[in-house]
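Residue numbers (my numbering), protein chains in the order written: chain A, 1 to 287; chain B, 288 to 607.
Calculated from the structure, these hints are not laboratory results. Errors might be hidden in some of the hints.
[Unchecked claim] According to the in silico footprint, chain B covers these stretches of chain A (three or more CB under 8 angstroms from chain B): (1) 21-34; (2) 104-113.
[Claimed, not checked] The following residues of chain B were derived to be distant from chain A, with all beta-carbon distances above 10 angstroms: (3) Val348; (4) Leu368; (5) Pro382; (6) Val547.
[Unchecked claim] Not the full set, but computed from the structure, chain B residues with beta-carbon under 8 angstroms of chain A: (7) Leu347; (8) Cys545; (9) Tyr569; (10) Leu570.
Ideal placement from N, C-alpha and C gives every residue a C-beta, glycine not left out.
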Amino acid sequence: MSASERPWSLWAAQTAAIMRLELKKTLLARRGLWIYFLAFAPVFIFVVHAYHQLRTGQVGDIGNDTHIFAGIFQLFFLRLAVFFGCVGIFINLFRGEVLEKSLHYYFLAPLRRQVLVAGKFLSGLVAAMVIFGTSIVLQFFALYWYFEPATRQEYFYHGHGLAHLAAYFGVTLLACVGYGSVFLAAGVLFRNPLIPAVVVLVLEAISGFLPSFLQHISVIFYLKSLCPVSVPAAIFMDQGNPLAFLAVNPAPASAPAAVLGIVILSVVALAYSGVRVRRMEIDYGTE
Amino acid sequence: MIAQDPQGADRRIVFEDVSKFYGDVLGVNRVNLSIPPGITSLVGPNGSGKTTLMNLMTGLVRPTRGRINVLGIRPDEPERLFRTLGYCTQFDSFPRGLTGHDFIYSYLRLFGYQHEQARQLTERAIERVGLSEAAGRKVAAYSKGMRQRIKLAQAICHNPSVLVLDEPLNGLDPLIRAETIALFRALAAEGLHLIISSHVLHEVDVISDQVVLLNSGYVVAEGQIHSVRDEIEEHPMQILIRCSRPADLAARVFREDCVVEARLHPDGNGLLVKTRDADRFYLALNRIAQDGFNVESVAPADDDVLSVYEYLVGTGESTK
Numbered sequence: 001m002s003a004s005e006r007p008w009s010l011w012a013a014q015t016a017a018i019m020r021l022e023l024k025k026t027l028l029a030r031r032g033l034w035i036y037f038l039a040f041a042p043v044f045i046f047v048v049h050a051y052h053q054l055r056t057g058q059v060g061d062i063g064n065d066t067h068i069f070a071g072i073f074q075l076f077f078l079r080l081a082v083f084f085g086c087v088g089i090f091i092n093l094f095r096g097e098v099l100e101k102s103l104h105y106y107f108l109a110p111l112r113r114q115v116l117v118a119g120k121f122l123s124g125l126v127a128a129m130v131i132f133g134t135s136i137v138l139q140f141f142a143l144y145w146y147f148e149p150a151t152r153q154e155y156f157y158h159g160h161g162l163a164h165l166a167a168y169f170g171v172t173l174l175a176c177v178g179y180g181s182v183f184l185a186a187g188v189l190f191r192n193p194l195i196p197a198v199v200v201l202v203l204e205a206i207s208g209f210l211p212s213f214l215q216h217i218s219v220i221f222y223l224k225s226l227c228p229v230s231v232p233a234a235i236f237m238d239q240g241n242p243l244a245f246l247a248v249n250p251a252p253a254s255a256p257a258a259v260l261g262i263v264i265l266s267v268v269a270l271a272y273s274g275v276r277v278r279r280m281e282i283d284y285g286t287e
Numbered sequence: 288m289i290a291q292d293p294q295g296a297d298r299r300i301v302f303e304d305v306s307k308f309y310g311d312v313l314g315v316n317r318v319n320l321s322i323p324p325g326i327t328s329l330v331g332p333n334g335s336g337k338t339t340l341m342n343l344m345t346g347l348v349r350p351t352r353g354r355i356n357v358l359g360i361r362p363d364e365p366e367r368l369f370r371t372l373g374y375c376t377q378f379d380s381f382p383r384g385l386t387g388h389d390f391i392y393s394y395l396r397l398f399g400y401q402h403e404q405a406r407q408l409t410e411r412a413i414e415r416v417g418l419s420e421a422a423g424r425k426v427a428a429y430s431k432g433m434r435q436r437i438k439l440a441q442a443i444c445h446n447p448s449v450l451v452l453d454e455p456l457n458g459l460d461p462l463i464r465a466e467t468i469a470l471f472r473a474l475a476a477e478g479l480h481l482i483i484s485s486h487v488l489h490e491v492d493v494i495s496d497q498v499v500l501l502n503s504g505y506v507v508a509e510g511q512i513h514s515v516r517d518e519i520e521e522h523p524m525q526i527l528i529r530c531s532r533p534a535d536l537a538a539r540v541f542r543e544d545c546v547v548e549a550r551l552h553p554d555g556n557g558l559l560v561k562t563r564d565a566d567r568f569y570l571a572l573n574r575i576a577q578d579g580f581n582v583e584s585v586a587p588a589d590d591d592v593l594s595v596y597e598y599l600v601g602t603g604e605s606t607k
């Protein structure tokens, strides 16, 4: 059967071919080592914390640790590690190839440019999830492993443990989808995509204070709405912490609305990228 | 145009009033071409528009104005075009970390080929360009000539009907160059379109069925090399006459109306004559030779691409 008679199967094969090339480049690139450091820094912190608790013989408090985890997840992991990790991974999918003058390799293949965008996005998403998904699972177990086995089992199998882990994993996935699509688009649209990345970073930081309609085009707004445990903002504010505003989420979206919001934002960003890549010319000379 | 054949538009590469500007900078302007199968060479100096023309016909850049059609396919449909066309670009950069084999194999997988078919096509293409022994090495460690050949393998690996080759002989040593030229001839004999660019004029001169001469973004001449020469009636043709008394012969031929210029060859053993009507001059020379001039040979001194090109763009003169 010819390719034109069953385009979906052709597109699937082409997407798989793109992913084979891209995953190797993204996951094994030496220049991407900093992403691993960012992603696994919380694991290191939790391991040190657990080790300290064990050495000093302190008894942990699961409720307290759950809030610590929520704080680190929202204030560091989502806003810094995943955010900048996605900047590093997704912006380079197109921009990096233009700078390395190798994008024509794909443009010389009988490949719909929209399939190329989809294939590269999926590659970035898989790479990001391999890194950040692994990190979130390790963080979770690093935080709780020093508890008594009975306490641990109670929390994981009869309490909220596994549900929270699944929720954090899902939020991480959605963060990679949302930020990934935005930064892939930035890499396609801008010659210096770090400028839009900084703009997005600032907008995400102040999203809690933005008018409602602007909050709805912010990724962090939806992500915070989906987090299973809220950051105790009041405590931050009582202590006069200058970062307290990052925890503000005055009117969270419902879970379905939050998922839908990120999906719509991503589809729009990817569709627009597809249109732009379709019209893209190879002109390395101007870079 | 190189040839008029509206019936066979689907077998030709057609440019209709194509212009390309990079901002204010002219790439090519008002190009009209209809290229038949065989080897067609794009000849011109750096910046003349050869690569722009190739990038236009492969959709890597889009025309500012005009239309392009490659065997009935528009270049802005890469999903169709590159099943028919292979392009060996001048870009000397490759995806990171790939071996020569991976470079071709991964490219073929982008076509949707399954593993076994892609593997077989890869091996055949690499063998055809003589790189089998180096196929397992990283492309980054290849020499310039090897990189050139692996790009050529990429262009031919899927058995295209049209091959666009941008300076394909650059960096090849004489032996490989000869083998590559033989490969081009074999591919042309199979009925392919081969579009080859070069600024090393004598290379394309011997392998081309047609030439397109470019200068500063304009097509200045096109057609078979001899036809191109005939097209340029306003430019005199140069003829080299080897004889015993060139100075006397110069004085004698200069009396003929059709002679524009006559001067001694730098080696002192011949005469270079410029004429606007070669046929009349040859008749006159037959007559003059009977007056005791010992004419050893008479040959066109500029019937190659270099001379035609120099005439057309006014950069110099041939003194073959």
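Results of checking the hints against the structure:
Evaluation of the coverage hint for the segment 21-34 of chain A: fulfilled, as 5 residues show C-beta separations to chain B shorter than 8 angstroms, against a requirement of three. Restraint check on the segment 104-113 of chain A versus chain B: 10 residues with Cβ-Cβ distances below 8 angstroms, three needed, restraint holds. The Cβ of B/Val348 sits about 4 angstroms from the closest Cβ of chain A, inside the 10 angstroms cut-off, so the non-interface label is violated. At roughly 7 angstroms, the least C-beta separation between B/Leu368 and chain A is not larger than 10 angstroms, which violates its mark as non-interface.
At the 10 angstroms boundary, the C-beta of B/Pro382 falls inside the reach of chain A, the nearest C-beta of that chain being 5 angstroms off. No beta-carbon of chain A is positioned within 10 angstroms of the beta-carbon of B/Val547; the least distance is around 42 angstroms. Checking B/Leu347 against chain A by beta carbon gives a least distance of about 4 angstroms; that is within 8 angstroms, so the hint holds. Hint on B/Cys545 is violated. Least Cβ distance to chain A is approximately 47 angstroms, over the 8 angstroms limit.
The beta carbon of B/Tyr569 comes no nearer than 49 angstroms to any beta carbon in chain A, farther than 8 angstroms, and the hint placing it at the interface is violated. This hint is violated: B/Leu570 has a C-beta 53 angstroms from the nearest C-beta of chain A, more than the 8 angstroms allowed.
Of the hints listed earlier, those the structure fails to meet are numbers 3, 4, 5, 8, 9 and 10, in rising order.
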